[in-house]
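> Build the full structure now, drawing on both the sequences and the hints.
Protein sequences appear in the order of chains A and U.
Position one of the first sequence corresponds to residue 5 (the numbering used here), numbered consecutively onward.
Position one of the second sequence corresponds to residue 18 (the numbering used here), numbered consecutively onward.
Any given hint might turn out to be false.
To be verified - Each pair of labels, with its calculated beta carbon distance range:
1. GLU146(U) x ASP193(A): 33 to 39 Å
2. ASP306(A) x HIS183(U): 24 to 30 Å
3. ASP184(A) x VAL261(U): 56 to 62 Å
4. LYS99(A) x GLN268(U): 34 to 40 Å
5. GLY307(A) x TYR173(U): 43 to 49 Å
Bear in mind the hints are in silico, worked out from the structure with no lab data behind them.
Where a beta carbon is used, it is the ideal one built from N, C-alpha and C, also for glycine.
If you want the building blocks of each chain, they are given just below.
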Amino acid sequence: MSVLRRWAIALFVLLLGRKQRAPRLADRERIVPEGAPDQPAEWLLLALLLAAAGASVGFIVVYSFNHLGHQTQYLGLALGLAFAFVAAAFLVVAKRLIVSEELEHEYPLPSHPSAREEIEQLVDESGDRFTRKRLLLAGAGTAAGAIGAALVVPVLSLGPFLDTDPFYDTPWRRGVRLVDEAGRPFLLDEVEPETFYTAYAEGAGKEQIGSPIVVVRFDPAELDLPAARSDWTPGGVVAYSKICTHAGCAIAIFRKPTFPAVEPGPALICPCHYSTFDPTRAAKVTFGPAGRPLPQLPLAVDGKGQLRAAGNFSGPVGPSWWGVRTRKPRNPS
Amino acid sequence: MTRLLVLVVLALGLPTSAAGQPGLGVKSKSGKSLYSAYCLSCHGVDGSGVTSSSEPRGVLDVRGLGPPLNDVGALGADFYLTTGYMPLENPHEQPRHTKSTFDKQEIAALVKYVASLGHGPAIPTPHPERGDVAAGLAQFTEHCAGCHQVVAEGGYVTNAVAPPLHNATPVQIAEAVRVGPFLMPRFPKSQISDGQLDSIIAYLQLAKHPDDRGGWSLGRIGPVPEGLVTWLIAAAALVGCCLVIGKRFQQ
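Here it is, written out as structure tokens:
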């Protein structure tokens, strides 16, 4: 950290204390007429540059909040303001600070030595009115640095590699009841075959990524699950996370053969990219871009015949990103 | 063995000229003879089903495979026959909505015969006029739109086509929800009540002729054609702007 600080200080000193170029060509006749220094315009320019920097910092601050209403709108506002301030700064520079002179002849080709000197002279003289060049340069550097930082910071959204724990936190644990859209519990006997149900964890928000599950009933003889999951399916009722493991859409399609002898087998399908999972074989991927099966929820039946979870999911819920397969969800049961 | 005998008897009992070839017509209008001619090779004697290709071949050597029909009732038979889903030429193909092979009387006779095979449900009588279109849209979105698309333009699932519903009659929709034809799930009354079904049908009647506010429906299949049109129009407008600016700059 101290190394970083020393470098920053060194860079800053270098920037401020840079030796000014010797005023060459001083003896030559001026091309651009002299302009009077314009102090208020310089202060305005500095204020605009700092405002642009401030808006960019505001962008980073808004970005760093996880749960902020209208976050996207605020982000857009901050970035838009930053660019608006930069544009205003350019306007001030162009209209009030650069000495302008219309040349009647065309610019000569830059390769000619004397012509190059002339252009250098033009540039030098145009900047004559600036009285606080270094301060303004520092201001411009601040604005550029802040806007650059604001543009780079969203890279963090490419993957939650800093804090992934919330993604493994689901409301399911041993004993949590399955409830439907209206909050009614599911009775094992009322779950019918050949159709599918959406259930939520009782007491959890429906928007929570770990809450919704699809529930399907099969003839227990049809199920082909790993031995460790043999007691997860009371009465042949299986439950999987409703969130596709590819891009996080809802599994909204259940394919049910009317006559299995000549028709494709049962499947849970995500309508976004047609990832297809076989619910009788632990939601194995049979088609589409998903890279891993849907996490399965172990089920149990209580004394009243109501369906309850018997633990947390078999794997991490939601879309896949780097390293997601290497971790198991926390299981508080 | 008795089944074989019955098959032979039935085969002999049919008119010899046009026996059992779909589309050629059977002179007798009785449900049982129609069934023998068009359905028996796949659905078996008395709707018992043919579950394996090793079972005896049907009439005129047609090898079929089909589910038993004992409990589909008038509801199932009416759905599959009025939509033209059955008779199916190749049992391995997805049935499509086509003009029925049969006329109304023949369908009625067949439905009556199939209903007599077991204790299935009767043909439902939906009341879309009692339904609530807004509630129907909500129900349709929750249960149906994943496959059939939100204005029922149809869509795809892996290995099958979810048909558009614009040609479906209210009765056919009410039947399909309870039957779950082909790969569609079957929705029992505990999941979609008759009242909710009325609302869904009311919404679907509206969805046949939706109010296209933009004036141009673009197939109503969502953002892809809409985006395409937007980009084409926006791109043309941008090029136009460039031309105008260029011309003014020249002057």
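> Hint by hint, note whether the structure agrees.
Now the hints, each set against the structure:
1. GLU146(U) x ASP193(A): 33 to 39 Å: Holds: the Cβ-Cβ distance is about 35 Å, inside 33 to 39 Å.
2. ASP306(A) x HIS183(U): 24 to 30 Å: With Cβ atoms ~46 Å apart, the hint is violated.
3. ASP184(A) x VAL261(U): 56 to 62 Å: Once the Cβ atoms are compared, 59 Å apart, the range 56 to 62 Å for VAL261(U) and ASP184(A) holds.
4. LYS99(A) x GLN268(U): 34 to 40 Å: Taking Cβ atoms as reference, LYS99(A) and GLN268(U) lie about 25 Å apart, which means the hint is violated.
5. GLY307(A) x TYR173(U): 43 to 49 Å: holds, 44 Å
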